[in-house]
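Chemist: Going down the list, the sequences are from chains A and B.
So for the first sequence, my numbering puts the first residue at 1; every next one is plus one.
So for the second sequence, my numbering puts the first residue at 75; every next one is plus one.
Incorrect hints may appear among the rest.
[As the list claims (entries may be wrong)] Under the rule of at most 20 Å between Cα atoms (straight-line distance), these lysine to aspartate or glutamate pairs were calculated in the EDC-like manner:
1. B:K135 with A:E61
2. B:K236 with B:E201
3. B:K225 with B:E201
4. B:K101 with B:E239
5. B:K243 with B:D189
6. B:K101 with B:E186
7. A:K34 with B:E87
8. B:K101 with B:E201
9. B:K236 with B:D214
10. B:K135 with A:E62
11. B:K180 with B:E87
12. B:K135 with A:E65
13. B:K94 with B:E191
14. B:K101 with B:D240
15. A:K34 with B:E178
To be clear, the hints were calculated from the coordinates, so they are not data collected in a lab.
Since the structure is predicted, the reported quantities are computational estimates derived from the model, not experimental observations.
Below, each chain spelled out in residue letters.
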Amino acid sequence: MAALILVLFLVIWLIADFFIFYHFIRFGVGVLPKILAFAFLLGSFVIFMVVIYTFSQVNWEEIFENVSNFFQIK
Amino acid sequence: MFQIFFKSNNSFEGILQEEKTILVLRKHPLFFYLPIFFFFFLILLVFAIIQFFSSSDFFIKFSSLIWFLYAVFCSILWLALFINLMIYSLSVLILTNKRLIQIETKGLFNYERNDLELFRIQDVSIEIRGILASFLNFGDILVQTAGTEVKFYFSSFPNPLKIKEDIFKIKNKFINYSGLNER
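Work the whole structure out from these sequences, hints included.
Modeler: Have a look at this one:
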């Protein structure tokens, strides 16, 4: 379930990424949009990897268990 | 390969034959750095909040989840930052030897473009309003064509007086050069 939500989020995020990159390349005049496009691409890759890594570190079964326990105590 | 990051002939979509770009102007750099500042401010603020609660039971139980959510938050902010930077960098005023072109990007797939032939320019006026604009020397430029209405309105451009002078200088140079007279 969590993986499905992440995949859905990343697909939407990557589509938005593509549209922003496309605008920089397609409509940019001068060097600034190219520099920004490069920085954007690089940063997006890093953030993408960080999101995947942090997702892999989460023990979702434990989280679901903890969440249910946490709210039961309250 | 990396030359595209340093050098450009400033060509753009719809450039005419024998048309050369002379100036490409963007809004004041303040509007470039402001979203960057807010991006880092929000990133650090949320990071500080997470650190502040790092010793609580809740954080210890859900630390991996919190860091994952923080990464997701950063990724959304990253998009928001670059949508702003895209709007900044793609909203330009282009002065060529034939035309004055205003491209105003308002968002994704949302932009407006106005072209004005140099010989149609009748008057250029500038407006500097507010303390910040006076200190940082940015203002609005209004270009008038024949008739009373303001044809072009460029908001928050740096050094508007110099831009005004440049527009007239280039207009006079190229109108005289091409033998065209004002109508």
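Chemist: Indicate, hint by hint, whether the structure satisfies it.
Modeler: Okay, the hints, checked on the actual structure:
no.: 1; hint: B:K135 with A:E61; verdict: holds, 13 Å
no.: 2; hint: B:K236 with B:E201; verdict: holds, 13 Å
no.: 3; hint: B:K225 with B:E201; verdict: holds, 15 Å
no.: 4; hint: B:K101 with B:E239; verdict: holds, 17 Å
no.: 5; hint: B:K243 with B:D189; verdict: holds, 18 Å
no.: 6; hint: B:K101 with B:E186; verdict: holds, 16 Å
no.: 7; hint: A:K34 with B:E87; verdict: holds, 16 Å
no.: 8; hint: B:K101 with B:E201; verdict: holds, 14 Å
no.: 9; hint: B:K236 with B:D214; verdict: holds, 12 Å
no.: 10; hint: B:K135 with A:E62; verdict: holds, 9 Å
no.: 11; hint: B:K180 with B:E87; verdict: holds, 18 Å
no.: 12; hint: B:K135 with A:E65; verdict: holds, 11 Å
no.: 13; hint: B:K94 with B:E191; verdict: holds, 13 Å
no.: 14; hint: B:K101 with B:D240; verdict: holds, 16 Å
no.: 15; hint: A:K34 with B:E178; verdict: holds, 18 Å
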